[in-house]
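Visitor: Between the sequences and the hints, there should be enough to build the whole structure, so can you do that?
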Amino acid sequence: MCGFVGYVNQTDVQDDVIEKMANRIRHRGPDDEAFFRDNNVSMGFRRLSIIDLAHGKQPMYNQDQTKVLTFNGEIYNYKEIRKELKELGYNFRTEVDSEVLIHGYDAWGPELLQKTRGMYAFAIYNQKENEVFLARDHFGIKPLYYYDDGETFLWASEIKAFLDHPNFKKEFNKELLPIHLSFEFIPSKETMFKHVYKVMPGQYVIHKNGKTEVHQYYKFNYDKIDNSQTVESDASQIRKLVRESVDAHMVADVEVGSFLSSGVDSSYVFNEATKIKKQHIQSFTLGYDRSKYSEIDWAHDFAEGIGQKNTPIKIDADDYFGILPTIMYYMDEPLSNPSAMQLYFLSKGTREHVKVALSGEGADEFFGGYNTYLEAGPFERYQKWVPGFVRKGLAKAVENLPRFHGQRFLVRGAQPLSERYYRVNYVYNYHEREKILKDKSLNVDTGAYTKHIFDEVKDKDEMTQMQYFDINTWLPFDILQKADRMSMANSLEVRTPLVDREVAKFAATMPIKTRIQGDTTKISLRKAAQAELPEKVANKEKLGFPSPVAQWMKEPKYKKMIEDAFTSDVAKKFFDIDALLEIFKEHLNGKSSMQKIFTIYTFILWYQVYFPEDCEHDIRDQIRFNNVKAHANEQNFAEA
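When you line the sequence shown up against the working numbering, it's residues 1 to 640, in that order.
Rather than coming from a laboratory, the hints here were simulated on the basis of the structure. Be careful, since some hints might not be right.
[Unchecked claim] EDC-like mimics (lysine to aspartate or glutamate), calculated; alpha carbons at most 16 Å apart, straight line:
| no. | residue 1 | residue 2 |
| --- | --- | --- |
| 1 | K219 | D455 |
| 2 | K277 | D316 |
| 3 | K170 | D148 |
| 4 | K275 | E304 |
Guide: Next up, the structure:
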């Protein structure tokens, strides 16, 4: 794993800017650095050595030295691509996967991306054409951003690298604040910084002659669902695919470990890894002392039961709240998923033992693991048998009545799925945003922001539409983004065998009956796991990084921290203070509003970290850099 930066040269930019940008993301690659410069482009690279430790240096060049590559990630089928390129006459100087990208692009251009299987982001500069080519993997496992204001073009693995370029105009994209308050992330190419864009999953970008073009080379779809498939046949195929994918994801010249929670996904991945390697593999679990939220005891018993070692990593409330400014720095954008902090500490503890860790992300999205998917059937039947005008009338009649059992179903039953599904996942709905936002003009219909995603699969059943939505939003912009940032903040490479091109290709063929049955989610995956794991593990209910944050918020020390933030100058700039304090008061009195509180609190911290010049209190001295020597540039963040 690595990190890279680059920009199209401008006459007023000093030579050392590329080094400063690369140093800003040194946590992504503390093992080595290298640079490329010519009159048109500058490129920088930071390396975390995983494969061919001695020879995998970048930037890397094609055979006639006219194309230059910087690459972050892993190409799991690089040996097959390498063989194909050798048959075309290409010579290889190393054993690293990155070399197949530079030669592959030389041979096939963007068509190379149709051949790749892996997690990656890379940049190639074509000196003959004076063209920059940026590409990102199929599902957005690895990040890639670019800044394009019409005059300056920059790119990097993380947004923070742009801070060190003198022509980067740091501006808050305030129009996206209601989007963030709704989804807790931005489900599009836009970011919370103006003119900073994501290269989206399955896309490549070409910048030439001052113009930027975006192309889609891959889009996950459900066009080949096979209703003849059964749970038994799908479970059998999943067993084969998971084993093959875990095997591919374990290629490394350093020790590989595994995250382990109490759920089926990470347990299945870890168990497969031990069978493939036929040796001891370290596993790591996060938890808390004397807490019902801790998974440590369960993970220890499971690992011991299969003859493996588990290392517990424990945190408390001081750890959690104390690390929040650091998390906001490494995330680049505000992300209010409380599990990001757990993942940070899990990665930090894991990195003390291994350089690479396997993880179980992706199973819920591809195989149907979220409980919200179970409601698709009842709503489809209701909408089929009850006329629309009746449903709308019932919804209008009951929506303002005192709460009763079934009220929510009747109200939501009158809504199309594109509204019903994203609204149930909102942190703040339209009316709640109207109460808390100071600038009411910002409050738009955020549902329109993602309706096009549902429209792309409007001919499919509701559960399939839900999964498609999650695969295109929740997975890349929350799950995978925090997995990358929190692991790379600790110079740890996390690999996700269940977010894989071949696994996804098969998952896209599965009919509803092999995804859920009755009240059981991801039925085929569980069936596959049952053949490898104890039944109680395969059928265990999902917890998903549980934590006592909601309770911690009520303790005096942390209560004051939140109240101080909610009455800060930043809060006054964007929100109605009384409305924020009322939400917090309701939480203290027993109404669970943890996610609402946490979304505002983390946004305020993020703004204080990245826009200190606009704040009364500078909290950047609270950021903890894991390796002071290695992060010299980050130590100067307060001056950035």
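Visitor: Hints first: check each against the structure and report whether it holds.
Guide: So, going through the hints one by one against the coordinates:
Between K219 and D455 the CA atoms are separated by roughly 14 Å; this keeps the pair inside 16 Å, and the hint holds. Straight-line distance between C-alpha atoms of K277 and D316 comes to about 34 Å, which puts the hinted pair past the 16 Å bound. Proximity of K170 to D148 is assessed by CA-CA distance (about 12 Å); at most 16 Å being required, the pair is judged to hold. Between K275 and E304, the direct Cα distance comes to roughly 14 Å. Compliance with the 16 Å bound is thereby established for this hinted pair.
Hint 2 from the list above is the single one not met by this structure.
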